[in-house]
Amino acid sequence: MIQINRLVKRYGKTEALKGLTLEIEKGTVFGFVGPNGAGKSTTMAILATLLEPTSGQAYVGGYEVTKQPREVRRLIGYMPDFFGVYDNLTAEEYLDFYGANYDIPAQERRQIIPQLLELVNLSHKRDAYVDSLSRGMKQRLGLARCLVHNPEVLILDEPASGLDPRARIELREILKELRDMGKTIIISSHILPELAEMCDVIGIIEEGSLVAFGRVDEIYAKMQEKRVLRIRLLDRVEEAMTRLREVPTVSGVTREGNWVVAGFTGNDEQQVELLRELAVAGLPVAAFNEAQGNLEEIFLEITKGVGS
Amino acid sequence: MNLLQRLRNPVLVNEWKLRMRTRRSPWIITFYLLVLGGVTLTFIYLMTGGGGHYNPNRSRELFMVLSILQLAMICFVVPGLTAGVISGERERQTLSILLTTNISATKLIVGKWLASLSFMTFLVFATIPLYAIVFLYGGISPAQLLKVFGFYLITMLGLGSVGVLISTLIKRTGIATVLSYAVVFGYAAGTSILAEVIREFIRYQRRVYYSTGAPMPLWPDLLHSINPLFGMLGIFNEGPVQDLRRVISNRFSLVSVDPFWLYVLFLAFVTVVCLALAVYLIKPVRPRLRKAAGEE
Ligand SMILES: Nc1ncnc2c1ncn2[C@@H]1O[C@H](COP(=O)(O)OP(=O)(O)O)[C@@H](O)[C@H]1O
Ligand SMILES: [Mg+2]
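Going down the list, the protein sequences come from chains A and B. First residue of the first sequence? That's 30 in the working numbering, and the numbers climb one at a time after it. First residue of the second sequence? That's 31 in the working numbering, and the numbers climb one at a time after it.
Rather than coming from a laboratory, the hints here were simulated on the basis of the structure. Heads up, some of the hints might be wrong.
Cross-link-like lysine to aspartate or glutamate pairs, in silico, EDC-like; alpha carbons within 20 angstroms at most [unchecked claim]:
#1 B:K47 / A:D116
#2 B:K47 / A:E206
#3 B:K313 / A:E93
#4 A:K154 / A:E100
#5 B:K47 / A:E81
#6 A:K42 / A:E285
#7 A:K47 / A:E206
#8 A:K55 / A:D229
#9 A:K96 / A:D116
#10 A:K55 / A:E206
#11 B:K137 / A:E100
#12 B:K47 / A:E93
#13 A:K167 / B:D288
#14 B:K313 / A:E81
#15 B:K137 / A:D156
#16 B:K47 / A:D160
#17 B:K313 / A:E100
#18 B:K47 / A:D229
#19 B:K201 / A:E81
#20 A:K167 / A:E199
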């Protein structure tokens, strides 16, 4: 449904996207995670036909975003990270206005709008002025607005930021409903756990490139995957190193005195197996430790903002 | 049916809806008519000395004063009305959403442009009865009355399109407003100042080269004819523009050009250019430009 191919975006000297490549299949809920300034909003604005990439291509439903923006716009519902509303419009009129902008006939709009308000739990606020709504309600109304033309793809830029926990839960419930409706959803956040449970696939972006991509469980596994093993031997250090180099999940074997330090990308079971092999070979293993690896650091970086 | 659907402009409709909501509108109309009506009736009273007899010449003067007052009002208000239409939407963070909907850039610009001017147009046309009263005292032809209102309309549309273009170009409403006023006043004063400078320069040259016999070129007067004040005076056969009509018909004996239409033509041209530019500039992604760059 969405293909991003070596996308580069420069703002003057800063390179916000450095050749981002990404593919999202139809019906997937894709979580786009990365620290502030990683390039999530930039990517989403390009997909929403609001920003011209410096180079590279992005396709939505097979349409190139810069060449066929009109076709792309029909397919997407985009919610920016910050958006304003018109004062002096009620929730219903607000949706009606955007419906009219999509050339939906008035009669049809009258049918759709109550359904949309129902979907986002705002039926009781139908006649309330938009600027009197709470932040969470505005966010949900914005979500309803994205849906007026029944788009196949939703692009939601940090919809949960600035919401209190209750509002987040409500938002999550609505997103689940939308997922069940078969929509392709891209949702960004700088907090991984916030997205984990409602996404099928997650991509982690940092400084304009994708550093991890995959199903949620795979990502979590990967988090634990790349670790650094530190093994202390009483003797036969060189022999242990030779053996370790033969193991496919082990890389970068170096020696620090009696310690052997190596990168390890296997899972827990493989780690147990590795230790056993060393023992079976009669190597005098005195200590077998693991240190935290690269992705874990990224994860920590990303989750720093949880409290804020 | 299809045409109707094409002409339907949600932005325009929405702006009207919002406009109706504000309680101010009826008060502004009332206040404006009261002030202008007060001025007119006082004049008429003084003119007729409270008695029955009147002078068509004085009535014509009053009509001119009224016309120019209202023209000045238009020049003062239109930049303020239009300079915020796009930048305001940008500042309110509603523009990006609007740009991702299916509405075309043309509809968006035209809708915003007409919406910002519609109340003003209404206000101006609400003063027709006042003009009619003065008109009844004589000294003014029906054609002149029509031209005055045509003049207002094209001036509002033209200056309004300049404001919309500046509002699209400049991100901040404050700066866009200042710039719009500068451009409108620059245009109102600049055209005539330039015309006089050119005329003086030509005269000076002729004195130097002893060629005083040659007829004066047309364009100082052409410049005057696109000036709002002198264009308006031209409708009443006053001011420098009047010479233009005579000179043109003398020199090109077949064509007789009414300077009024020169003004209309010029402002129509300005309107089309400004709106087309604004439509082009508001598009965040411009396919044609990109294609051309890619083909190099
Ligand atoms: N309009 C802009 N002008 C200049 N730099 C920008 C602009 N928008 C974003 N950036 C820069 O691009 C990078 C990516 O920003 P953004 O896409 O907003 O990241 P995210 O949404 O992941 O927080 C940041 O370094 C940011 O400072
Ligand atoms: Mg962002």
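Legend entry - Distance restraint between K137 of chain B and E100 of chain A, which requires alpha-carbon spacing of 20 angstroms or less: At roughly 17 angstroms apart (the allowed maximum being 20 angstroms), E100 of chain A and K137 of chain B satisfy the hint.
Legend entry - Holds or violated: K55 of chain A to E206 of chain A, with C-alpha atoms at most 20 angstroms apart: Status holds; Cα separation ~16 angstroms.
Legend entry - Satisfaction of hint between E206 of chain A and K47 of chain A, Cα-Cα up to 20 angstroms: Not OK: K47 of chain A and E206 of chain A at ~34 angstroms, beyond 20 angstroms, violated.
Legend entry - Distance restraint between K137 of chain B and D156 of chain A, which requires alpha-carbon spacing of 20 angstroms or less: Since the Cα atoms of K137 of chain B and D156 of chain A sit roughly 28 angstroms apart, the hinted pair is violated (cutoff 20 angstroms).
Inset, instruction - Starting from K47 of chain B, check that the Cα of D229 of chain A is at most 20 angstroms away, please. - result: 43 angstroms, violated
Inset, instruction - Below or equal to 20 angstroms on CA atoms is what counts here, so check K47 of chain B against E206 of chain A. - result: 34 angstroms, violated
Legend entry - Pair hint K313 of chain B and E100 of chain A, alpha-carbon separation not exceeding 20 angstroms: Judged against 20 angstroms, a Cα distance of about 15 angstroms means the pair holds.
Legend entry - Restraint status (C-alpha distance of K201 of chain B to E81 of chain A at most 20 angstroms): Holds. K201 of chain B to E81 of chain A sits at ~18 angstroms (cutoff 20 angstroms).
Inset, instruction - With a cut-off of 20 angstroms on the C-alpha distance, tell me whether K167 of chain A and E199 of chain A pass. - result: 13 angstroms, holds
Legend entry - Proposed proximity, D229 of chain A with K55 of chain A (alpha carbon, max 20 angstroms): Given that 20 angstroms is the threshold and the Cα spacing comes to 12 angstroms, the pair holds.
Inset, instruction - Take the C-alpha atoms of K47 of chain B and D116 of chain A, compute the straight-line distance between them, and say whether it is at most 20 angstroms. - result: With Cα atoms ~12 angstroms apart, K47 of chain B and D116 of chain A stay inside 20 angstroms; holds.
Inset, instruction - Quickly compare the C-alpha distance for K154 of chain A and E100 of chain A to 20 angstroms and report which way the hint goes. - result: Violated, at roughly 33 angstroms.
In summary, the structure is inconsistent with hints 2, 4, 5, 6, 7, 9, 12, 13, 15 and 18 from the numbered list given earlier, while agreeing with the others.
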